[in-house]
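Trainee: Just so you know, the protein sequences line up as chains A and B, in that order.
In terms of my numbering, the first sequence has 111 at position 51, counting the first letter as 1, and numbering is strictly consecutive.
In terms of my numbering, the second sequence has 239 at position 238, counting the first letter as 1, and numbering is strictly consecutive.
Rather than coming from a laboratory, the hints here were simulated on the basis of the structure.
Every residue gets a Cβ at the ideal spot worked out from N, C-alpha and C, and that includes glycine.
Where hints are given, some of them may not hold.
[Claimed, not checked] Take a look, some chain A residues computed to stay more than 10 Å from chain B by CB distance:
(1) N68
(2) E89
(3) E187
(4) Y232
(5) I321
[Claimed, not checked] Here are the simulated DSS-like cross-link-like pairs (lysine-lysine), alpha carbons at most 25 Å apart as the crow flies:
(6) B:K5 to A:K74
(7) A:K130 to A:K81
(8) A:K215 to B:K168
(9) A:K130 to B:K5
(10) A:K171 to A:K192
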Amino acid sequence: MNAIEIKNLKKKYKNGPWALKGIDLVVEEGDFFALLGANGAGKTTIIGILTSVLNKTSGKAYVFGHDIDKELDQAKRMIGVVPQEFNFNIFETVFDIVCTQAGYFGIPWAKAGERAEIVLKQLGLWEKRNAKSMSLSGGMKRRLMIARALMHEPKLLLLDEPTAGVDVELRYETWEYIKDLNKNGTTIILTTHYLEEVEQLCKNVAIIKEGEIIANDSVRNLLNTVESQTYVLTVNRVPNCEKISKYNLNPIDDSTLEVEIGINGSLSSLAQELSLNDVEIMDARPKNNRMDQLFLNLLKK
Amino acid sequence: MYFKETSVALYTLVRKEVVRFLRIWTQTLLPPAITQTLYFIIFGTFIGSQLRDIEGISYMAFIVPGLIMMAVINASYSNVVASFFGSKFQRNVEELMVSPVPTWVIIAGYSVGSVLRGILVGLIVFVISWFFTTPDIYNFGVIALFILLTSLLFSLGGLINGLFARKFDDINIFPVFILTPLTYFGGVFYSIDMLPEFWQIVSKFNPIVYMVDGFRYGFHGFSDFNVWLSLGVLAVFVLLLGGINYYLFDRGIGIRN
């Protein structure tokens, strides 16, 4: 079954441009799907429409087969959403915030309390349950948003930049938690600016540019289309670059070179050529990861 | 949503509202107690002692229902407008929007929360009035109906204000420029019969006159207008504002782009 099916979805903001210009998108149940795009591309608009925070201009959207125009309540029951910006009441306690959300889904307070204990413990917030949300750190607030979204055990979790502004350690912890959710059957749709996040976590990806999907495939297939990779090399000395014709070497300083390696070249063959010129590579690292490269390539088209 | 789930959602929203106004009781319950006490002292004791009885009761006893009603109106209105606009401002209204809570439950939840604050404030002012006079209770049923319908009406009005408000200034415009003058000219401190004929006619266009008058009937057993007609008109306005709220929420006006 498809977790999400979107047909010719359009959105025009009042006095604004077309945010979505006719999106078609299918996300299968159990998928870990990424929506990628620059700021203002339309990612959050899609999530807003699916969760009925925004009205669509036209088009159809189905959540686990439920038409959001006709069966919105059933569709909403399937979805847990973690918005981009903190949107809980800063004067309420952590426990009240998650239990209130459960109550809106018809879960009685006592049962919500039991569920809150499980979710808050999993996300390391149980000790803070009686703290007002305003007193939490940024990372804790992010986790509170995830906890709130999971209170009614949704089949589909929409994560709108869930790790924005989160430190590296916490970001990895959040990844692990989300990966476990996905393994246990929850379909995940993620929007993020961290392309590494997509490469590490997601099976499929759609790239949106100015309200249109410009690529939609598995992460693996899309990465295979990346034809070249730029490396930054630390070397013992910078050679005369014109002598090494096969590679386009770009000296940065006396010990750093930048080189673009296409599908016909390799780092090892470059190393061999450099050694013939008495240049030794001390360190080599990709300038961008492959996902960054893919993303930039697609946006340039 | 099934009945049980709907009931839970309604309870949750009402609970949230009650917890909110009890948490900030120094802003929600204390100010009307102090303000109305000042009215009792200044208008009831200092000035009222110099005035003749009205319909056979002391001026202090005469103003008790009006002062209670004034506090109830302000509390009901300001509770919902502040709470709902606060939810919009912090965007936690989205918690409701993404959940399957029926529209009528959202309206009922906010309204019941405000009605409860209105009634609680009314009770506080009633208790304070005992320090100054012994209020009559002529017809408790009429008192209960008027306090319930009036607080419900102003809760619904406040909710519409909250929907349309875009900034904090917008939640004060109606209470300051419309509600306060109507309340002061609503017969809280005088009987309409005491006014010149022209102002009596003008007063008949002020809906708060009927609420105060009917409420006073419940205490003292006399009124300027037919109490049941006032109740009927009040009920019609409640239904009308309820319908407007339903339309606005259903269309997402003020909350959904």
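Trainee: Run every hint past the structure and note whether it holds.
Mentor: Quick rundown of the hints versus the structure:
1. Every CB of chain B is more than 10 Å from the CB of N68 (chain A) (nearest about 20 Å), matching its label as outside the interface.
2. In this structure E89 (chain A) is separated from chain B by more than 10 Å, as the shortest Cβ-Cβ distance comes to about 20 Å.
3. Consistency note on E187 (chain A): stated as away from chain B, and its beta-carbon is indeed over 10 Å from all of that chain's, at 22 Å minimum.
4. For Y232 (chain A), the non-interface assignment is confirmed: its Cβ lies about 28 Å from the closest Cβ of chain B, beyond the 10 Å cut-off.
5. With 10 Å as the threshold on Cβ separation, the claim that I321 (chain A) sits away from chain B holds: the shortest Cβ distance comes to roughly 46 Å.
6. For a cut-off of 25 Å, the pair hint linking K5 (chain B) to K74 (chain A) is broken: about 39 Å separates their Cα positions.
7. Simply put, K130 (chain A) and K81 (chain A) have alpha-carbon atoms about 23 Å apart, close enough for the 25 Å limit, and the pair holds.
8. Straight-line distance between C-alpha atoms of K215 (chain A) and K168 (chain B) comes to about 37 Å, which puts the hinted pair past the 25 Å bound.
9. Annotation: proposed proximity of K130 (chain A) to K5 (chain B) holds, straight-line Cα distance about 22 Å (limit 25 Å).
10. Distance check on the hinted pair: K171 (chain A) and K192 (chain A) sit about 22 Å apart at the alpha-carbon level, within 25 Å; holds.
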